[in-house]
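Enquirer: Given chain B's structure and the hints, the job is docking chain G onto it.
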Amino acid sequence: MIGPSLARLSALPSMPRWMQNGLVTLAFLGLWQLVVSVGLQDEFWVSSPQLIVERLGDWQEGGELWDNLLPTLRVALTGFLLAAVAAMVVAVALASSRWLDEVLGWYLDVIYALPKPALVPMFLFALGLGDSPKYVLVVLIVFFVFYYNLRAGLGEPRANLRNALGILGARRRDVVLYLELPTLVPYLVASARIGAPLALVGTVFAEFFTATPGMGNLIERASTTIDATGLLAGVAVLTVIGALVDNMLRRLDLRIGRWRA
Amino acid sequence: MSVGASVEVRSISHTFPATKGNEPVAVLDDVSLSIAPGEFVALIGPSGCGKSTLLNMVGGLIRPDEGEVVYAGSAVGAVNTDVGYMTQRDTLLPWLTVEANVALPLRFRREGKADIKGLVTDALDRMGLGGFARSYPGQLSGGMRSRVMIARTLVYRPRTILMDEPLGALDALLRLKMQDELLEMWRRESATVLYVTHDIEEALALADRVFVFSARPARVLAELAVPGERPRDTRREKDLVAMYDVVWKTLREELDP
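Residue numbers (the working numbering), protein chains in the order written: chain B, 1 to 261; chain G, 1001 to 1257.
These aren't lab readings, by the way, just hints derived from the structure by calculation.
Please read all numbers here as calculations on a predicted model, not as lab measurements.
Among the hints, erroneous ones may be present.
[To be verified] Here's a subset of chain G near chain B, in silico, CB distances under 10 Å, partners left out: (1) V1079; (2) T1091; (3) P1094; (4) W1095; (5) P1105; (6) F1108; (7) P1137; (8) Q1139.
Built from N, CA and C at the ideal position, the CB exists for glycine as well.
Bound conformation, chain G alone:
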């Protein structure tokens, strides 16, 4: 059983330099987060506020101008291969079959052929993709592709999973179903999860804690511990309804021009 890693974001500020025809963009302003091993944390805030940049920093894809990310006790320097990353637009390779896509992280880790075969079959079966191993991503629906992304992420058991609106491209009904599957995966893997979303209900349904971000450059406006066992009924439980209002009021002020 993998055990989640701790993630410390220490007073990070970041500005993207000016590009042709564009002003420099300040995206993060002195952001600090402290996330315990195995915790499920939701990051919510207006579009373009810098939440995705923060995830990229935890993944080691962007180096912050100021501050640092400390991952499992050491500062993130290079690309962090200890995490899994699920983005809104899937990053499956269109020329590889579902099976080959899911096998990628194991191939890169130079695992043995027989091991790879077993682990991949297992992951595909768990996501209900058994019959689609030989399909190409282009032949699958959006929901199926999300499942392939989940399978590819859990097949190598990363200690931390970064999710950037992983269900953003799905319709509302499918999204509810996939939320259950994500929760199931988190429970089984006991990985740390950083979950970026625009959807307040989704954040309250899934997370242990919710961080509310301001408009760009992002600061942490509020930090809420969400009570209650999962699955939660965000529409009926009184605490959660009240919490929804708090988050919505905080965000609404940020959205006003």
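The shape of chain B in the complex, shown without the other chains:
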């Protein structure tokens, strides 16, 4: 009995990868459903794929899904972009001025070490229960991902290329366009891939505390009412969004990095 099934398993690698991944995922979900159906675990505590799908359908019909997902995405995306731009400005400024680097660099290192989620209640005291505390947390988290990556990129020694371009007649604008920006692109893409899921996590975490709509709000409500299905349905939505975004960024990375092949 074991022999033939092993042979079938070894046929797996000839399938396209998305099919292999899909099979493994289906097997996991099937096992989960089975464990709950035969009563090994109580549906109330661990939910089940079927219940989660049904709940997502309800949310879709009742409007909860979009009412909460859109605000979360808006905050995550805006915070992410704000953090990226701020980090770019600060990194370029500190990389080009030793004095600024020595004065401000130290504070940045300390702020980086702060346990930022622990401060969310503080942000609520200061800024109220609206969207502002969410933005503060997201920016504080994502800023440092971009900042440290960009500093690494700006620190790359490029003197020989800079000199070569100078001799070829490059002006300041040409050096920025042809040398400095392209040098930073891989660092920006790497930052984006790390920063994007963190932006989503930061938003959802802050939403546990705030009063405005958001996926975090939905999940928090589920957890306080011991609603495992609601909690996992919310997490499932966020996971799918995160994976889609990462997939997009990975494609972008491959496209921009063609010359490295």
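Expert: Chain G only, in chain B's frame:
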């Protein structure tokens, strides 16, 4: 047809200041050279003696402590965009295609699109790179990259070409072939050439004149006019064999600790 520029190096001395953990380094000691328009000059000397620093000064990348470089009649102050510079390690931008790399000097000069296209295609064809216009430098061999460097240099017809061991990274056979191509380029462009090398035979095969430098800080030890039409057979022609010995003896004393 571009005509080479004259290059006058007037009693240059230079010391690099001390950096963390390193003593100051004196690299050039009262060096003077006078190079006529269109002349091919080889600079030969022990590694690290300051030959590259001298080229950087002609290119306006380093300002000498003492003395000055007079280029085509005026003192070099800022970066000298009238020269072409070929270094041992190529300075191609890895994220641009061969075609885009060769187009750079023309883009920086704000030439028209159609002109750029024509000149670049021409330069690539001349270097046998026609089929590689859309390749990235990382996909090419060392020899091919040297050719791209040559194409990028001749596409904007600089009046002077500085070469710092441009063939140093190539194997011996390819080097001989590329020497021919460099000579061909020099003949066509009639540019002035300053050619830094460690290879005595290469210097004698290519140059009108050879300057022999001492170990650091570099002084000019000898200046030899190389006779004979090119291409030259440095292994058989008697004058050249004798000259090889002179240069080698001069350099050997510098290499002894």
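Enquirer: Evaluate each hint against the coordinates.
Expert: Evaluated hints:
{"no.": "1", "hint": "V1079", "verdict": "holds, 4 Å"}
{"no.": "2", "hint": "T1091", "verdict": "holds, 3 Å"}
{"no.": "3", "hint": "P1094", "verdict": "holds, 6 Å"}
{"no.": "4", "hint": "W1095", "verdict": "holds, 5 Å"}
{"no.": "5", "hint": "P1105", "verdict": "holds, 4 Å"}
{"no.": "6", "hint": "F1108", "verdict": "holds, 4 Å"}
{"no.": "7", "hint": "P1137", "verdict": "holds, 8 Å"}
{"no.": "8", "hint": "Q1139", "verdict": "holds, 8 Å"}
Consistency note: the structure conflicts with none of the earlier hints.
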